[in-house]
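Novice: So the chains spell out like this:
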Amino acid sequence: MSQAALSPARVALVGNPNSGKTALFNALTGGRAKVANYAGVTVERKEGVVTTVTGRTIHVLDLPGTYSLRARSPDEVVTRDAVLGQLAGETPPDVIVCVADATNLRLVLRLILELKKVGRPLVLALNMFDIAQRQGLRIDLEGLSREIGAPIVTTVATRKRGIEELVAQIDATTLAAATLDAQTWREPDAGEIRDAHREAQRLMKAYVRPPERPDTLTGKVDSVLLHPVWGLVILLGLLLVMFQAVFTGATPLMDLIDAAMTGLGGLVAQVLPEGLLRSLIVDGIVAGVGSVLVFLPQILILFFFIIMLEDSGYMARAAFLMDKIMGGAGLHGRAFIPLLSSFACAIPGIMSTRVIDNKRDRLTTILVAPLMTCSARIPVYTLIIGAVIPHRTVGGIFSLQGLVMFGLYAAGILSALGVSFVMRRFFWRGMSEPFMMELPTYKKPDPTNVARNLLMRGQIFMSRAGRIILPLMVLVWFLSTFPYAPAGATEPAIDYSFAGMIGHFIQPALAPIGFNWQMSVALVPGMAAREVAVAALGTVYAVGDAEAATGGLSARLAAQWSLASGLSFLAWYVFAPQCVATLGVVKRETNSWLWPAVMFGYMITLAYLAALIVYQVTVALGGG
Amino acid sequence: MNNLSMDRVTMADATPEVGITVRLSDASVGDRGVIVDVRADLDGKDHGVDVEELQRRLLEFGFVEGARIEVIHEGAIGHDPIAVRLDDMRVALRRRDAGEVIVLLDRP
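Protein chains in written order, with the numbering used here: chain A, 1 to 624; chain B, 625 to 732.
One should not assume that every hint holds.
As the list claims (entries may be wrong) - Derived CB-CB ranges, DEER-like: (1) B:690 / A:209: 36 to 42 Å; (2) B:644 / A:237: 53 to 59 Å; (3) A:562 / B:669: 40 to 46 Å; (4) B:690 / A:135: 22 to 28 Å; (5) B:675 / A:328: 21 to 27 Å; (6) A:239 / B:675: 35 to 41 Å; (7) A:258 / B:669: 51 to 57 Å; (8) A:393 / B:675: 55 to 61 Å; (9) B:644 / A:34: 53 to 59 Å.
Honestly, the hints are just simulated from the structure, not real lab data. By construction, the Cβ of each residue, glycine as well, lies at the ideal position given by its N, Cα and C atoms.
Just chain B, same shape as in the assembly:
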């Protein structure tokens, strides 16, 4: 856990504050930016697995600090799930599981 928070601090320091940060779960189609944090905070939502496991899965899929991300598609019902371009690959996920990914948007 210590390791994680260290990471977060260094990442946040390394990234210039040019835009606003949003949770990926709240991003809209067309939003693009850089991932600045992938958390394992208890958010009160049920993901089917614990938050540490969710965090590891996100990381394994390439949701990692420093990766470029753009929301490219969303589902018809409730704007869910979303498809994102993550560096050079495309990944689909549900908004419910995307809240731990913090994105620094390019637009101010």
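This is chain A alone, in the form it adopts within the complex:
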């Protein structure tokens, strides 16, 4: 007994979506989770540790939410295999903890009946029990526990109530269960699902008395938020606020990070002697880390909104309101969230496509995500618009420059819808998956939970993006630095490097779209990240510190570029896959080089065609 008490136990948390499973996981583990991927699949694996009062270690595995063990998405496959103890590289759990929303028991009871067939010890955590009590919902815990043959613990995860009892119950259950029952689970057919519902219904009737004061708030709020007209107006308003916060709210922090990284670069430059090592550290590594770090404020603000919308229950409503529009383009309602994230950066957007069950739906979303105008395009757009678009007012109130900026955003959105439509219609015939989604009751997001999730999202972004971007930045630095310029060179040093050679080599192909050799050369380092093109243009035009003196560069471009070339460059940037990090993330998320290759191919084709049309038309209209 003392032996067993000392050996660590493993529990797996299973439950319906919206059951407060993540909050319970955070309450159990103190929010300290190790996040990784399951081997070979792109499903997130989240594990934490809790220590019992007797000093025993319990490993808690948070499994993706599901309504059934009959898996339909990669996430649900992981849940099923982990529960059945069939997941490669994963020790089977000693105890399964089923997390249930106490106010919404019907569907989870059916899941419990499935879980019973797995043959592993089961503990039911009735979460959100305070809300159930407030509603006057009565549950005969003893009777229900006897019927399902599993101990029940009531919890309020957000207030850390019932957590100690749950840990004690897990501890006791692992020690009591000497042998496992036979595993008899198999995929239920329609008849068996009906039978299970009937059984769940019987349990509900026998042991749960309906609430005396049921939740009426959700219905009232929904009559406004899901109103065909007002619902859409409110959603658009919310998006506007969100963008405002992402773009203006993040600016001071971004400037601060930018200044800090420049300062750090300067510091390194003072300490290290002039030479290759200094160049690698300052221009390659510090600049590389900076280029990732600088997006962190925007991404955190964006994730803050997404977590708030998800935790409050609004996200499902947004997907409901957007489904028809997204569905018309062959996208799933849930693709709305990843595409929204892509306005900050396609990388977190592509990482969040995991919420989409169907593989094709998910691939379509991944492939069009980089067409959304990410914030790395903004410095490029701002520079070029400032240089070639006259500062004029149109129609009395609109600034012409602002209208062009709006047009570029609209072009991104429309082309994303268009591309997914074409993909669906011509390459992947057939409709998308059935769209079925629970609309959870509205809840007040818990501040600690929001903060914890935000922190975790930030860490995941930094480690994943950092691991991909950093080596690529070093590669691009290498290409732009070697070989050195010969002694007495008249042109900027980059002109003699590999990047310069590539730029000169591809320039003839880019002549029909109006790119001169400086623009062509800037495209090569610009592959590292879109905004790097600004610095690269600064280098080729030898404006010195282009980012600090965009005014100087802008004036220079205004003098040297025709309107047609400027517009063509903008059109190029709407479509071109000028971001190796995105391609790297697509490789990671799809586990294949095929999809990044497809993405690169279609985007560069669109970019060339768009730039060609824009250039030739503008020249024909006299803008050459």
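Chain B: place on chain A using the hints.
Specialist: Frame of chain A; chain B shown alone:
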């Protein structure tokens, strides 16, 4: 399959004929009633999955014979998708996928 049709017959027998039955795909906001059948008939529509799979998903979400249902919201474009109150939960789905759910309406 045999199992299914048996179910359907017993369900239909057990439910008193008080109103009219409609497909959920044809119901309007405000319609309420009881689900009397969840079918797996070929309807010529493309659901992305076969009809048996669609039926199982509907069942798993709680669209099951005997459940109370009310259409509470619909989208602005083409009255689609719809949101229904299903016993004590709320579920959203597209009309295209709702045709297999047969509802006996309360109103005559």
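Novice: Give a verdict on every hint.
Specialist: Evaluation of the provided hints:
no.: 1; hint: B:690 / A:209: 36 to 42 Å; in the structure: violated (19 Å)
no.: 2; hint: B:644 / A:237: 53 to 59 Å; in the structure: violated (41 Å)
no.: 3; hint: A:562 / B:669: 40 to 46 Å; in the structure: violated (53 Å)
no.: 4; hint: B:690 / A:135: 22 to 28 Å; in the structure: holds (24 Å)
no.: 5; hint: B:675 / A:328: 21 to 27 Å; in the structure: holds (24 Å)
no.: 6; hint: A:239 / B:675: 35 to 41 Å; in the structure: holds (37 Å)
no.: 7; hint: A:258 / B:669: 51 to 57 Å; in the structure: holds (53 Å)
no.: 8; hint: A:393 / B:675: 55 to 61 Å; in the structure: holds (59 Å)
no.: 9; hint: B:644 / A:34: 53 to 59 Å; in the structure: holds (57 Å)
In terms of the numbered hints stated before, the structure departs from hints 1, 2 and 3, listed from lowest to highest.
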